[in-house]
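> Read off the chains here:
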Amino acid sequence: EAGVTQFPSHSVIEKGQTVTLRCDPISGHDNLYWYRRVMGKEIKFLLHFVKESKQDESGMPNNRFLAERTGGTYSTLKVQPAELEDSGVYFCASSQGGTGFRHEQYFGPGTRLTVT
Amino acid sequence: AQSVSQHNHHVILSEAASLELGCNYSYGGTVNLFWYVQYPGQHLQLLLKYFSGDPLVKGIKGFEAEFIKSKFSFNLRKPSVQWSDTAEYFCAVGGGSYIPTFGRGTSLIVHP
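Chains A and B, in that order, are what the protein sequence lines are. Its first residue numbered 815, the first sequence is counted upward by one per residue in our numbering. Its first residue numbered 659, the second sequence is counted upward by one per residue in our numbering.
No lab work stands behind these hints, which were simulated from the structure alone. Hints are supplied without guarantee of correctness; some may be wrong.
[Said to hold, decoys possible] Here are the simulated distance ranges between beta carbons: (1) G873(A) / S765(B): 20 to 28 Å; (2) S661(B) / E866(A): 26 to 34 Å; (3) E882(A) / A674(B): 46 to 54 Å; (4) P895(A) / F709(B): 21 to 29 Å; (5) V864(A) / S710(B): 22 to 30 Å; (6) G699(B) / R878(A): 28 to 36 Å; (7) H917(A) / Q700(B): 43 to 51 Å.
Positions of the beta carbon are idealized from the N, C-alpha and C atoms, including for glycine.
Turn these sequences into a full structure, and let the hints steer you where they fit.
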């Protein structure tokens with residue numbers, strides 16, 4: 815069974831540019847989560863999809879971040895325009911259906927975003 | 659709001675030494691507790707979890723953690739570490755709104 819995959823693995827962009835990160839969850843997993851880790855800090859929750867619906871997006875830092883999960887399969891996270899403080903590692907995770915975080919979350923390898 | 663504190667940011671041990679990584683949280687209600695590990699070049703993966711029942715939880719690779727409610731703690735332990743335990747370890751707490759809150763992580767280096 816394929817795990818959670820993320821693309822790209824690393825992205826370097828200039829301030830003001832746009833970047834789109836992609837996450838492919840494990841097939842059949844209804845729950846999809848985005849997290850971010852700024853260097854040396856905590857892993858912070860960004861948002862949670864159940865199928866194609868946003869269940870909770872309270873962690874999204876501001877309206878420069880837009881997440882979608884069309885069709886309830888893969889998800890994209892777009893940052894537009896990117897700022898220096900957006901640099902960090904963006905993790906995606908997925909889990910089976912049911913009560914949120916009681917189900918084990920399977921993490922992807924992360925996308926390291928560097929904004930210069 | 660809940661918060662998680664991992665006291666040790668960097669730990670260096672020799673093989674066969676005992677390990678204890680501290681994790682304290684602040685939340686007054688029922689909590690779900692997790693330890694995740696990220697080995698070099700690998701994905702973050704679940705090491706062990708506690709939802710209810712026996713407060714001493716056994717995980718993979720010989721790790722265990724003990725939930726002490728009165729101390730708001732969920733410390734991770736291993737009696738004898740190996741070089742292959744070199745990794746970053748994250749404590750996470752889910753409660754209330756169930757959104758998990760992660761600690762800053764502890765980087766463990768085990769010298770052979």
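> The structure should be examined with respect to each hint, and the outcome stated for every one.
Okay, the hints, checked on the actual structure:
At about 24 Å, the beta-carbon gap between G873(A) and S765(B) stays in the expected band of 20 to 28 Å. The given range of 26 to 34 Å is respected by S661(B) and E866(A), whose C-beta atoms sit roughly 32 Å from each other. Hint check: E882(A) to A674(B), Cβ distance near 50 Å, so the stated range 46 to 54 Å holds. Our hint of 21 to 29 Å for P895(A) and F709(B) is violated, since their Cβ atoms are close to 42 Å apart.
Here the CB-CB span from V864(A) to S710(B) is close to 24 Å, well matched to the stated 22 to 30 Å. About 30 Å separates the C-beta atoms of G699(B) and R878(A), a value consistent with the hinted range of 28 to 36 Å. Evaluation of the 43 to 51 Å hint for H917(A) and Q700(B) yields a failure: the beta carbon distance comes to about 21 Å.
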